[in-house]
Structure formats: structure tokens, C-alpha cells
Amino acid sequence: MSSAAISVGETQQSRSLPYRGKIAMAGLIIAESAIFTIFVVAYLFYSGKSLTGPTPREVLETPIFYTICLLSSSLTIHYAGKSLQKGNPGAFLSLWSFTIVLGALFLFGTAQEWHRLIYEHGLTISTNLFGTTYYSLVGLHGFHVTAGMIMLVIVAIFGFSGWVGREHSQRVEVLSLYWHFVDAVWVVVFTVVYVLGR
Amino acid sequence: MQQVILELHSRGHLVQTWGMEVQRVKITCRTALCSVVFLFFCLSSAAAVTSLTSPTNIFVPESTPAKSIVNLSIFVLTITGIIFAIVFTLLVYSIAKFRAKSESANSEPAQVYGSAQIELAWTIIPTLIVVVLVLATARVIHAIQDAPKPASAVEVTVIAHQFWWEYRYPQLGVATANELHIPVSDPVHPTPTLLRLLSADTDHSFWIPQLAGKTDLVPNHPNSMWMDPERTGIFLGQCAQYCGTQHAKMLLRVSVDSPHDFAEWIREQRQPAVVDERVAAGKRVFESTACINCHTINGTVASGRFGPDLTHLMSRTTIAAGAALNTSENLRLWIQDPEAIKPGSLMPAMQLNKSDLDALVGYLETLR
Amino acid sequence: MSSNAITVPELQVQEKPWVDTLHGWVTTVDHKRLGILYILSSLFFLVIGGVEAIIIRIQLIHSHNDFVSPQVFNRMFTMHGTTMIFFVAMPILFGFANYLVPLMIGARDMAFPRLNAFSFWLSFLGGLLLYFSFLGGSGLYGAGNAPDVGWWAYAPLGARAFSPGHSSDYWTLALLVSGFGSIGTGINIIATVLCMRCPGMKLGRMPLLVWLNLVMAGMVLIAITPLSAAQIMLLVDRYLGGHCFDTQAGGSAVLWMHFFWIFGHPEVYVLVIPAFAFLSEIIPVFSRKPIFGYPVMVAATVAIGLVSTSVWAHHMFTVGMNSYANSFFAITTMAVGIPTGIKIFNWIGTMWGGRIQFKVPMLFCIGFLFQFLIAGLTGIMQAAVPFDWQLSLSYFVVAHFHYVIVGGILFALFGAFYYWYPKMTGRMLSERLGKWHFWLFLIGFHLTFDVMHIPGLLGMPRRIYTYEPGRGWDTLNLVITIGAFIQAIAILLFVANLIISYFKGAEAGNDPWDAWTLEWSTSSPPPAYNFATVPMVESRRPLWDLKHPEDPDSLYE
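Residue numbers (our numbering), protein chains in the order written: chain A, 1 to 198; chain B, 1 to 368; chain C, 1 to 557.
Keep in mind the hints are simulated off the structure, nothing from the lab.
All values reported here derive from a predicted model rather than from experimental measurement.
Hints may be right or wrong, so weigh each one.
[Unchecked claim] From the structure, some residues in chain C lie toward chain A, with a derived Cβ separation under 10 Å:
#, residue
1, PHE112
2, ALA217
3, LEU221
4, ALA230
[What the hints assert, rightly or not] Restricting the straight-line Cα-Cα distance to at most 20 Å, the calculated cross-link-like pairs of lysine to any residue (SDA-like) are:
#, chain 1, residue 1, chain 2, residue 2
5, A, LYS22, C, ASP109
6, A, LYS49, C, ARG355
7, B, LYS67, C, LEU135
8, B, LYS101, C, SER323
9, A, LYS49, C, LEU255
10, C, LYS547, B, GLU108
11, C, LYS547, B, SER107
12, A, LYS22, C, SER323
13, A, LYS22, C, PHE112
14, A, LYS49, C, SER323
15, A, LYS22, C, ARG355
16, A, LYS49, B, LYS97
17, C, LYS547, B, PRO109
18, A, LYS82, A, TYR19
19, C, LYS202, A, ILE23
20, A, LYS22, C, LEU203
21, C, LYS202, B, TYR113
22, B, LYS149, C, PHE112
23, A, LYS49, C, GLY250
24, A, LYS49, B, HIS221
25, B, LYS101, C, ASP514
26, B, LYS97, C, TRP352
27, A, LYS82, A, ILE64
28, B, LYS97, C, PHE485
No residue lacks a Cβ here, since even glycine has one placed at the ideal position from N, Cα and C.
Go ahead and model the full structure; you've got the sequences and the hints to work with.
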């Protein structure tokens with residue numbers, strides 16, 4: 001480069017570019033939203049079109065408690081992140097662990113519901129259109145919760161080993177963004193399956 | 001700074017060779033262009049000649065939907081042709097007029113960044129063209145798709161299979177396969193044919209270019225289309241939606257009959273199968289073999305729906321949905337070794353011994 | 001050795017063992033190397049896809065030909081389409097984006113170099129998985145076979161009932177795997193462009209190639225994912241007894257079509273927008289003027305990206321949607337032609353008043369302009385829905401989309417090759433071979449794809465392994481096949497040029513074309529770190545400002 005180039009150190013930018021982890025997670029969220037949209041469209045399109053078998057009204061029970069668990073885990077993870085930013089690793093770890101417990105409760109609730117649907121009502125993924133779309137949509141969401149849980153547990157392990165500090169706030173925030181996304185998707189899935197679909 | 005000066009010097013040298021390159025390019029350009037133009041002339045003549053004789057030329061419409069389509073297409077082709085001519089001319093002009101000439105090669109031309117007025121103009125004009133095209137298009141869509149159904153329409157249910165066509169005339173009590181007969185339609189007193197399009201397995205598409213645009217046959221998604229052919233004769237087409245191995249040989253053959261011929265054909269199709277004592281042995285072969293699982297022959301025990309209705313097999317010009325002519329040898333071959341005529345079709349090789357086969361073919365040939 | 005004497009032995013520089021070099025390439029996370037890996041793997045699949053095309057063309061050379069059986073033919077057109085879209089066009093464009101975007105924004109590498117490598121290997125291995133189907137397709141039952149359901153795998157043809165064995169599973173899994181790679185690349189490009197620009201490079205000062213790849217990356221996120229979703233549903237149908245597309249259980253085959261084309265249409269814009277990017281860099285340099293109307297070019301591209309998500313059902317005009325749906329999609333399809341047409345005018349406006357140099361990259365760009373114009377107009381013809389009821393599913397459509405992809409995108413890619421090969425390798429490609437490549441390919445292209453419109457107008461449907469004599473299609477198909485062979489020869493010339501010039505090409509230097517964007521300020525090839533000092537830019541053409549300090553762009557922007 002010729003001498004017209006600015007030498008290293010002089011910062012002319014008054015701008016600050018966004019943190020790339022956050023942008024990447026936003027991109028991932030956009031992409032995943034598109035996938036979930038397709039599954040939601042399929043669910044809505046096929047509502048009422050099953051030729052046989054149990055209908056949503058007959059077999060679905062609204063999972064209020066487990067929904068509250070999942071949605072409040074968004075709050076706990078948010079405050080966990082804030083605690084870490086303020087340099088309070090103790091609060092961070094307890095709030096983070098509480099998030100994991102709430103997430104695990106949600107997954108347990110899903111498992112319980114599926115057990116009831118399969119063994120008491122005979123509704124499986126191959127029973128009818130409702131079965132296929134229900135298990136696909138809720139299952140896809142559950143898969144994303146599980147993936148998030150794995151990440152949360154890994155961070156908890158690092159946290160309890162003393163390796164997570166204030167300097168990792170941005171990265172932890174990226175993971176919480178993912179967790180908030182999973183919760184937001186649940187709001188949509190809940191509305192579509194348990195409110196509209198019946 | 002030193003690096004920049006070096007670059008300017010080297011630019012001078014590069015510019016020299018560019019000048020000579022441009023000369024050579026011009027001569028090669030001209031020869032190449034001439035040969036290309038000559039080639040196109042030959043090609044378009046070939047195309048023109050072949051298209052005159054093609055029985056599936058979309059620009060030779062013989063029915064109202066096909067005619068509306070041709071009228072719209074001429075309108076669209078005219079507009080796109082004009083757009084092409086204008087932009088093509090601009091392109092050729094800019095290439096010719098603004099090519100680098102060796103004298104000016106050392107200086108850069110005026111660095112123009114844009115022009116709001118020009119850009120506005122070439123946004124508004126295409127928008128107007130699009131509005132016009134959309135209105136013309138919407139009009140013809142509604143004319144064809146939302147046309148009211150006249151009481152005098154002949155109704156045919158078309159059920160597409162892998163790899164043959166089933167035709168049922170619900171009000172006339174006729175079931176046949178692969179060769180469709182419909183009445184000609186007098187423009188003054190139209191007698192159109194309304195086709196209800198269903199599928200027994202996967203997606204297909206019904207396309208007779210001279211009679212109408214194509215419409216797909218999708219399982220669990222009934223469609224309908226109509227046509228009112230204005231002259232008698234045979235019209236050809238074929239399945240247009242990839243449906244499996246023998247998609248290519250799911251041919252369409254439509255016979256547009258005069259009202260008298262159509263009535264005659266209907267009357268004949270409604271008869272049960274011909275009973276001829278001389279071929280009783282062949283009939284027994286048919287009734288005691290797996291043939292009856294797939295095929296129907298009215299008046300016998302055979303009532304299978306998987307394969308074509310054979311009650312009036314001999315009234316058809318072709319077999320295997322147009323894959324072969326309806327001759328004795330082809331019938332024999334089709335029964336013994338369908339893979340030889342239509343590999344991948346769902347007709348099984350019947351593995352009959354020679355005498356059974358002879359008897360069977362003899363029997364089938366009586367099914368007029 | 002004694003402790004206070006240091007002997008300097010005769011210096012011996014050993015050649016790096018080839019294993020080390022190979023290891024370096026396989027484990028690389030450098031965007032330039034990954035870009036080249038993407039390009040090389042695409043060229044590999046291009047040759048394979050080309051062979052499949054030649055087999056198709058030989059089979060269709062006259063009516064009732066039996067060069068290959070219908071089963072093989074159906075696999076050929078399925079694999080040809082799948083290979084060319086997913087394992088040639090997408091990766092090669094990702095490769096160029098990977099190579100150029102960081103250089104053009106003055107960055108050291110992409111935002112996530114390891115994700116970059118992961119995405120490449122997912123893409124490449126997806127391609128290998130697809131081709132493994134030739135060996136493993138039928139599972140346990142005997143000789144394998146490749147997918148034969150068309151590259152759209154319409155339901156219910158892709159269901160277990162109509163597609164036994166595993167051939168359709170190879171299609172599904174190969175595309176799922178490479179699809180995740182594509183999403184990774186999309187995320188990477190967006191993060192790089194938004195977060196890694198050098199000082200002074202505001203969004204409004206980025207080269208158009210960067211802008212257009214940003215739009216493309218955004219579209220990848222919302223276009224590829226519907227296909228992934230639909231493919232997951234297909235796997236649920238095939239393996240878990242699901243009924244997502246099972247018409248016997250009340251399911252809808254049309255739903256698959258909607259999902260597929262919600263992917264499929266934005267996908268072709270994902271392919272063409274980077275081609276526009278190449279044109280927007282090459283045409284200005286060889287016309288010696290800046291791009292005409294930079295802000296409108298950006299706006300038009302964003303508009304194309306947005307509107308193109310609303311046109312998908314123009315692939316379904318024959319499916320039997322009602323007249324209102326058909327009209328809606330006719331409107332949106334014609335509307336997306338407006339910003340596209342604007343771009344053509346802007347490129348002409350760039351050439352207008354310039355001093356055009358007909359080097360090989362520019363020749364290919366001019367070819368693009370003629371051909372993309374025609375392709376766009378045949379697209380408008382098909383947007384006139386009733387006309388499309390004749391044109392759809394025929395060779396007219398095949399001609400149209402090859403006009404866009406070969407006459408448009410591939411021509412732009414050839415231009416990009418000739419333009420950036422010097423930067424990537426330090427050597428110039430041979431102009432002479434390049435001109436032979438150009439003219440031969442142009443003649444072969446037009447012979448094939450101009451003529452190919454005609455059988456469509458004469459009623460020839462697509463995806464047929466043979467056809468009847470007496471329909472008037474024989475001679476036309478013969479001419480089309482001849483053109484295909486001419487194109488094949490031109491491609492061989494191109495590959496020869498790539499190889500020969502690597503060893504014997506003229507030294508390129510930093511800036512052989514006297515261009516204006518940041519990549520030309522580095523050496524050819526650039527060092528691993530790209531820029532020794534972080535660049536600082538004050539306009540859209542930083543090198544123009546350096547070369548013309550009396551008249552810099554920064555005064556006018």
C-alpha cells in the first residue's frame with residue numbers, strides 16, 4: 001500500500017461495528033425461524049384434514065405448567081447474563097443452573113405428554129395427519145430445546161470449574177439469545193397447537 | 001508513492017498492447033458475427049419448415065382456450081420483441097461507439113456516477129409495461145379458468161395412472177382407456193368437453209397443445225379443464241409432468257368426431273364385450289389368468305381397475321398408451337414381454353405358453 | 001559445537017513434502033484457500049454434470065433412440081440438475097464470495113474461519129454422498145442406483161411407495177448436509193460484511209460485489225431452510241410412517257410443491273445475484289468508468305431479494321390454483337422483472353461514454369448482457385399465465401433456465417475467472433485461449449439453447465427419455481446435441497487454459513487490469529494475512545483515489 005494508507009493505531013472510526021457472535025446468532029435465528037415457519041404452515045394447513053384417528057380436541061391437554069417453566073427460564077437466563085456482566089459469578093451460576101432445571105422440567109413435561117398420547121390415546125407420528133404434524137412440530141422444537149440444554153450444561157460445567165468470567169459476557173449473551181429464540185418459538189407452537197389448532 | 005509511479009509506467013506499456021488487441025478483436029468479431037448470423041438463418045429456416053408439419057405446434061390452435069392463448073402470446077411476444085429490439089440496439093451501439101480507440105487509451109473518460117432523471121425514466125417505463133401485461137394476462141386467465149359451464153358440455157373424467165390414461169364418461173356410462181373421443185364443437189352452438197382431472201398414483205399433466213394449455217393431474221387435488229375443438233380429426237399430445245420411468249410413453253391421442261360419429265362411438269362403447277364362440281378357449285385363458293386382477297372386460301368376470309379397460313380394445317389404434325400400434329404382433333409382444341415395448345411399465349410379463357398366448361391374442365382381437 | 005562460536009552452515013532450503021502441503025490444504029481455515037477449494041470442487045462436479053448432460057443429449061439425438069434405458073436416462077437428468085445447482089453453481093459462487101469479500105472490505109479473513117471450513121467440507125462431502133448413490137442406492141437389494149425422481153422430487157414420487165430402495169434418501173440426505181453448509185456460509189458472509197469492514201468503509205462505500213453477496217447471504221438463510229424443512233418432512237414420511245405428503249391419508253402433493261418452490265425460486269436468485277456482482281465489478285473496470293447509479297443498484301438488488309420471495313408459484317401455474325392465485329403470482333413475477341431490467345440498463349449506462357476494452361472478462365460480460373436480456377424476456381413470456389399453460393413443463397422452460405444459468409451465470413463466472421485468476425495465482429490466463437474459449441462456447445451455447453426453445457413451442461415436454469417421430473422434433477434435437485458437444489470442447493479449452501497458464505502464464509503483478517477495489521492493492525496471490533496494515537478508505541474506489549489524487553472519488557460521494 002502506498003503512503004496514503006493510515007498507519008496502524010490511528011482510529012478514525014467513530015463507528016463501532018457489531019459483535020460478530022451476535023450477528024451470527026441473529027442469522028441462525030432467522031434461518032431456524034424459516035424452518036419452523038414451514039412446519040407451522042404444514043400444521044395449520046392440515047388442521048381438520050385427518051381422515052381418521054384422534055383429533056386435537058380429543059387428546060390434547062394444555063401444558064400450562066411446563067410452558068411457564070420454559071418461559072420463566074428466559075427470565076432466569078437473562079438475569080444470569082446480567083449478573084455475569086456485573087462480575088457476580090455466584091449469582092450467574094445459580095441463575096444459570098435454575099435455567100437448566102426449568103428447561104429440564106419442560107423436556108420432562110413434553111416426554112410425559114408424549115407418553116400419555118402414545119400409550120393412552122394411540123396417537124403416534126404415523127396415526128394420521130394430526131399425529132404427523134404434531135410430533136414433527138413439537139418434536140422439532142424439543143430437539144432445539146435439547147440442543148440448547150446441552151450448550152447450557154457445557155457452560156455450567158465451565159462455570160462451576162471457575163473458567164467463566166466477566167470477559168465472557170458477550171459469548172454467554174449469544175447463547176441466551178438462542179435460548180430466548182427457543183422460548184419465542186414455543187410461544188408460537190403453543191398458540192398454534194393448543195389454542196388455534198383445537 | 002513509488003509503487004504508484006511504477007504502476008502508471010506499466011500502464012503505458014499495457015495500453016500499447018491493448019490497442020493492437022482491439023484491432024484483432026474487431027476482425028475476428030466481424031467474421032464470427034457473420035458466421036453466427038448465417039447459422040441462425042439456416043436454423044430458423046429449418047425451424048420454420050419443421051414447425052409447419054408438427055401436429056403439436058402450440059401456434060396452430062383448434063379450440064377456444066388454445067386460441068385465447070395464442071392471441072395473448074402474440075401480444076406478449078410483440079411487446080417483448082420491441083423491448084428486445086430497443087435494448088439490443090442500445091447494447092450494440094454502446095459496444096461499437098464507446099470501444100477504446102488507441103489514441104485515447106492513455107486518458108480516462110468522464111467519470112459519470114449516475115443520473116436521477118434517466119434512472120427514473122427507466123424505472124417508470126418498465127413499470128407501465130408490466131401493468132399492461134398484467135391486465136392482459138389476468139383477463140385471459142379469468143376467461144379460461146372461470147368460464148361458465150354450458151349445459152351441453154360432454155363430461156369426461158380423466159384418471160391418470162402410471163403410465164396410461166383412464167377415461168370415464170359418467171353421464172354416458174362409458175369407460176375406456178388411452179384414446180379419447182370427444183365431439184367437435186360448432187362455434188355457433190358450442191358443445192365443449194369438460195374434463196375432470198384425477199390421478200390414481202402420482203402427478204401427471206394432460207397436454208394436447210392444439211386444443212388447450214396443459215393442466216396437471218395431482219392425487220387428492222381434482223382439477224378441471226375444458227376444450228371445444230373446432231374441426232374433426234386426430235389430435236396428439238402426451239403427459240407433461242414427470243411421473244416415473246415411462247413418463248415419455250404416456251401418449252395422448254384424441255379423436256374429435258362429428259356428432260354422428262361420436263354418438264356412434266358412444267353406442268359401441270356401451271355394448272358389453274363381443275362374444276365369439278370361436279375364441280372361447282382364449283377367453284378361458286384370460287379369465288383364468290392374472291389378467292382379471294388388473295383389467296376389465298364388460299360381460300365377463302374380469303373387473304380389475306389397475307390396468308386399462310379392454311372391452312373394446314380393438315376400437316383403438318394403439319396400445320400401451322401409444323407406445324405401439326395395435327397389431328397382432330405387438331399385442332403378442334406386449335403380453336409376453338412388455339419390457340421390449342415399454343421398459344419399466346407396470347404390465348407384467350404373463351409367461352404364457354405358445355398355445356395359450358395364441359388363443360388369448362385371438363380372443364383379444366375380437367374385442368371390437 | 002563450542003559455546004561461543006556459532007557456525008552458520010550452508011543454507012539448505014528443502015522442498016516442503018507434498019504430504020505437508022496436502023495437509024495444509026485439507027486443514028486450512030484461510031478464506032482464500034477455502035475459496036479455491038470451493039472453486040476446484042465445483043469444477044470437478046461441473047465436468048461430471050456435463051458428462052450427464054452429454055449422455056442426455058446423445059439419447060435425445062433422434063426419436064426412439066436407445067443409447068441408454070429409460071431408468072438410466074431418468075437418473076441422468078435428476079443427477080444433472082441436482083449436481084449443477086447444488087454442487088457446481090452454489091459452491092463456486094460461495095468460493096468466489098469467500099475469496100473476494102474479505103479482501104474487498106480490507107479484512108484479514110472471514111468472521112468465522114473454522115465455520116467456513118466446516119461449511120466447505122459439508123458441501124463437498126454432500127456431493128460425494130450424492131454420487132455414492134450410484135453404488136449404494138438400492139440398499140441391500142442388489143446393484144445400487146442414483147436418484148431418479150427429478151431434482152424437485154415431487155410428491156408422491158419421492159415417497160416410499162413410488163421410490164423404493166434408498167436412491168431418494170441419497171438425494172434428501174446429500175442436500176440436507178450441503179444445505180447446512182450453505183446456511184453456515186450465509187451466516188459467515190453476513191457477519192463478515194457487517195462486522196469486519198476496515199476503517200472508512202461505511203456500508204455505502206462497499207464494492208457492489210460485497211453488497212450483492214450480502215443480499216445473497218440473507219436470501220440463503222430464508223431460501224435453503226424451507227427445503228431443509230421439507231426434506232425433514234420427507235424423511236419423516238419415508239422412515240417414521242408420517243403422512244406429510246401422503247395423499248392416501250389426506251395429505252397434499254401440492255404442499256410439497258409449495259415448499260419446494262418457496263426454496264426453489266429464491267434459490268435461483270441466490271445464484272444470479274453473485275453473477276450480477278461479477279458484472280458490477282468487471283464492466284466498470286473495462287469501460288473505465290464507475291458503475292452507473294450505485295445506490296439504485298443496491299436498492300434494486302434488495303428489491304429483487306424481497307420480491308423474489310413472493311413469486312414461487314409461477315412454477316406451479318399448471319397445478320390448478322384458482323384464477324386469483326394465478327393472477328397474484330403473475331403480478332409478482334412480472335414485478336420482479338422491473339428491478340432486474342433496471343440493472344441491465346445501469347450496466348449499459350456504465351458502458352455508455354466509456355472506453356471499452358474487449359479483454360476476455362469483458363467479452364463474457366457482454367455475452368451475459370445479451371443473453372440475460374433474452375432470458376429475462378422469455379421469463380416474462382412465461383409470467384403471462386395462459387401462455388405458460390403451453391410453455392410450462394416443456395423444452396421452452398428448459399431453454400429459458402439454461403439461458404439464465406449457462407448464458408447468464410456461467411458466462412459471468414467465466415468473466416470472473418479470467419478477471420480474478422491473476423489475483424489468485426499471480427499469472428494471467430492466456431488471452432488467445434480465452435478468446436477461443438469465448439467464441440466456441442458462444443457458438444455452442446446459441447446453437448443449443450436458442451434452438452431448444454422451438455421443440456418446446458412444438459409440444460415437446462421435458463424429462464422424456466425418447467420421443468415420437470413425426471412431431472417435428474428430430475432435426476432440432478440433433479442441432480441441440482451438436483451445440484452441446486461444441487460447448488464441451490470449449491470447456492475443455494477453458495480447463496486447459498487454467499492448467500497451462502498456472503505454469504506458463506504471464507506474471508500478473510498486483511493490478512493487471514488497472515482496477516480500483518482493495519483486492520488489487522495486495523500482491524498476486526495475496527499473503528496469508530491479506531493486508532500488512534489495515535487499509536483506510538475514503539470512497540468507493542480507494543485505488544482510483546490513490547491513482548488520481550487530483551480527482552479522487554471522495555470529492556464526489
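Verification of the hints:
1. PHE112: holds, 7 Å
2. ALA217: Where the cut-off is 10 Å and the nearest Cβ of chain A is about 8 Å from ALA217 of chain C, the hint holds.
3. LEU221: Holds, because the Cβ-Cβ distance from LEU221 of chain C to chain A comes to roughly 4 Å (cut-off 10 Å).
4. ALA230: Hint on ALA230 of chain C: holds, closest Cβ of chain A at ~7 Å, below 10 Å.
5. A:LYS22 with C:ASP109: Judged against 20 Å, a Cα distance of about 18 Å means the pair holds.
6. A:LYS49 with C:ARG355: violated, 65 Å
7. B:LYS67 with C:LEU135: violated, 50 Å
8. B:LYS101 with C:SER323: With Cα atoms ~56 Å apart, LYS101 of chain B and SER323 of chain C exceed 20 Å; violated.
9. A:LYS49 with C:LEU255: holds, 13 Å
10. C:LYS547 with B:GLU108: holds, 12 Å
11. C:LYS547 with B:SER107: holds, 12 Å
12. A:LYS22 with C:SER323: violated, 44 Å
13. A:LYS22 with C:PHE112: holds, 12 Å
14. A:LYS49 with C:SER323: Violated, at roughly 24 Å.
15. A:LYS22 with C:ARG355: Roughly 45 Å between the alpha carbons, so the hint for LYS22 of chain A and ARG355 of chain C is violated.
16. A:LYS49 with B:LYS97: violated, 65 Å
17. C:LYS547 with B:PRO109: holds, 15 Å
18. A:LYS82 with A:TYR19: Since the Cα atoms of LYS82 of chain A and TYR19 of chain A sit roughly 17 Å apart, the hinted pair holds (cutoff 20 Å).
19. C:LYS202 with A:ILE23: holds, 17 Å
20. A:LYS22 with C:LEU203: holds, 19 Å
21. C:LYS202 with B:TYR113: OK: LYS202 of chain C and TYR113 of chain B at ~18 Å, within 20 Å.
22. B:LYS149 with C:PHE112: Not satisfied, since the Cα-Cα distance of roughly 62 Å exceeds 20 Å.
23. A:LYS49 with C:GLY250: holds, 7 Å
24. A:LYS49 with B:HIS221: holds, 13 Å
25. B:LYS101 with C:ASP514: Distance of about 17 Å is within 20 Å: holds.
26. B:LYS97 with C:TRP352: Satisfied, since the Cα-Cα distance of roughly 8 Å is no more than 20 Å.
27. A:LYS82 with A:ILE64: violated, 28 Å
28. B:LYS97 with C:PHE485: violated, 35 Å
Checked against the numbered hints above, the structure breaks hints 6, 7, 8, 12, 14, 15, 16, 22, 27 and 28 and satisfies the rest.
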